Amino acid sequence: MSYVGRFAPSPTGPLHFGSLVAALASYLDAKAHGGKWLVRIEDIDETRCKAEYATEILRSLQAFGMLWDGDVETQSMRKPLYEGAMQRLNALGLTYACVCSRKEIADSATAGLEGPVYPGTCRNLNIAVDRAETSSIVATRLRTTPEKIGFTDLVQGQSEQRIEQEIGDFVLKRRDGLFTYQLAVVVDDAAEGVTHVVRGADLLDSTARQIYLQKLLGLPTPDYLHIPVAVNAQGQKLSKQTLADGISAESGDVRGLLLSALRFLGQPVQELLSTPTTSELLLRSARLWDRSRIPHGRTAKSPH
223 MSYVGRFAPS PTGPLHFGSL VAALASYLDA KAHGGKWLVR IEDIDETRCK AEYATEILRS
283 LQAFGMLWDG DVETQSMRKP LYEGAMQRLN ALGLTYACVC SRKEIADSAT AGLEGPVYPG
343 TCRNLNIAVD RAETSSIVAT RLRTTPEKIG FTDLVQGQSE QRIEQEIGDF VLKRRDGLFT
403 YQLAVVVDDA AEGVTHVVRG ADLLDSTARQ IYLQKLLGLP TPDYLHIPVA VNAQGQKLSK
463 QTLADGISAE SGDVRGLLLS ALRFLGQPVQ ELLSTPTTSE LLLRSARLWD RSRIPHGRTA
523 KSPH
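Per our numbering, the sequence shown runs over residues 223 to 526.
Treat the hints loosely; a few may be bogus.
[Said to hold, decoys possible] Label pairs and their calculated CB-CB ranges: (1) T499 x L314: 17 to 27 Å; (2) T269 x S330: 24 to 34 Å; (3) N312 x S514: 37 to 47 Å.
Hints listed in this document are in silico derivations from the structure and should not be mistaken for laboratory results.
Quantities reported herein were computed from a predicted structural model and do not represent experimental measurements.
Quick reminder that beta carbons are idealized off the backbone N, C-alpha and C, glycines included.
Hey, can you work out the whole structure from these sequences and the hints?
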């Protein structure tokens, strides 16, 4: 099977060092294996994403020499695909309506991997989801099972999760009518033929849910590679919320930032110091790319 990789940023702010690292890792892994590298704008959460940030991110990728293959897909334009997947799950009896508030869940839930584990309050209540008067307060959840979902990450190693116990029945469509990341990313990766997912380790715990959805929908499971997340001096992930500095060709040294990102990923840079152009630097980096040199931890301190 031919390699197809992707970089899928959420346009909630400009590119920062952490997202540059993720873009570079996915780009180099694809090019090192003679594959395609796609870019997808994950703007499914319309309450947080802005079109101007998407434009800025794409412009920055071009400035750093990372040119994608094919057209850029945008999640906000792909809602019929997500609705189709939802209808298939509905028809199989795998979903149900939920009217629980966050406070109600927190009051009766145990602690899990990512906060309260949904206790299944609405699982067997058969609440109608097509009534206009209730549609604004109804979320759609996926039924989970006690089975263990395991996979081998290409950097982080073996990972296992019992979704029902550690996460609970999770939301596929929010109370405000927006589809969730877990459903959208599974549908998109399959539709685009993605074979390898290279991304930050902050999404490692989401992978079991995505594999579970892939199995239910009869979709292929890609290989996964999770790199350490860049964190600031306080141990917080670089993001708009933690006031991470945006980077672009205009705001920083392209060559220096790429070399810093390569060092962060444990890659050799000595042979790259004499490269005359950004394109040559990326070409040589792909030839030298070595997954085994990527640090195994979930986080690493950012040099920026």
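Hints versus structure:
Against the hinted window of 17 to 27 Å, the Cβ-Cβ separation of T499 and L314 comes to about 53 Å, which falls outside the hint. Between T269 and S330, the C-beta spacing of about 27 Å keeps the proposed range 24 to 34 Å intact. With their beta carbons about 44 Å apart, N312 and S514 fall inside the hinted range of 37 to 47 Å.
Checked against the numbered hints listed earlier, the structure breaks hint 1 alone; every other hint is satisfied.
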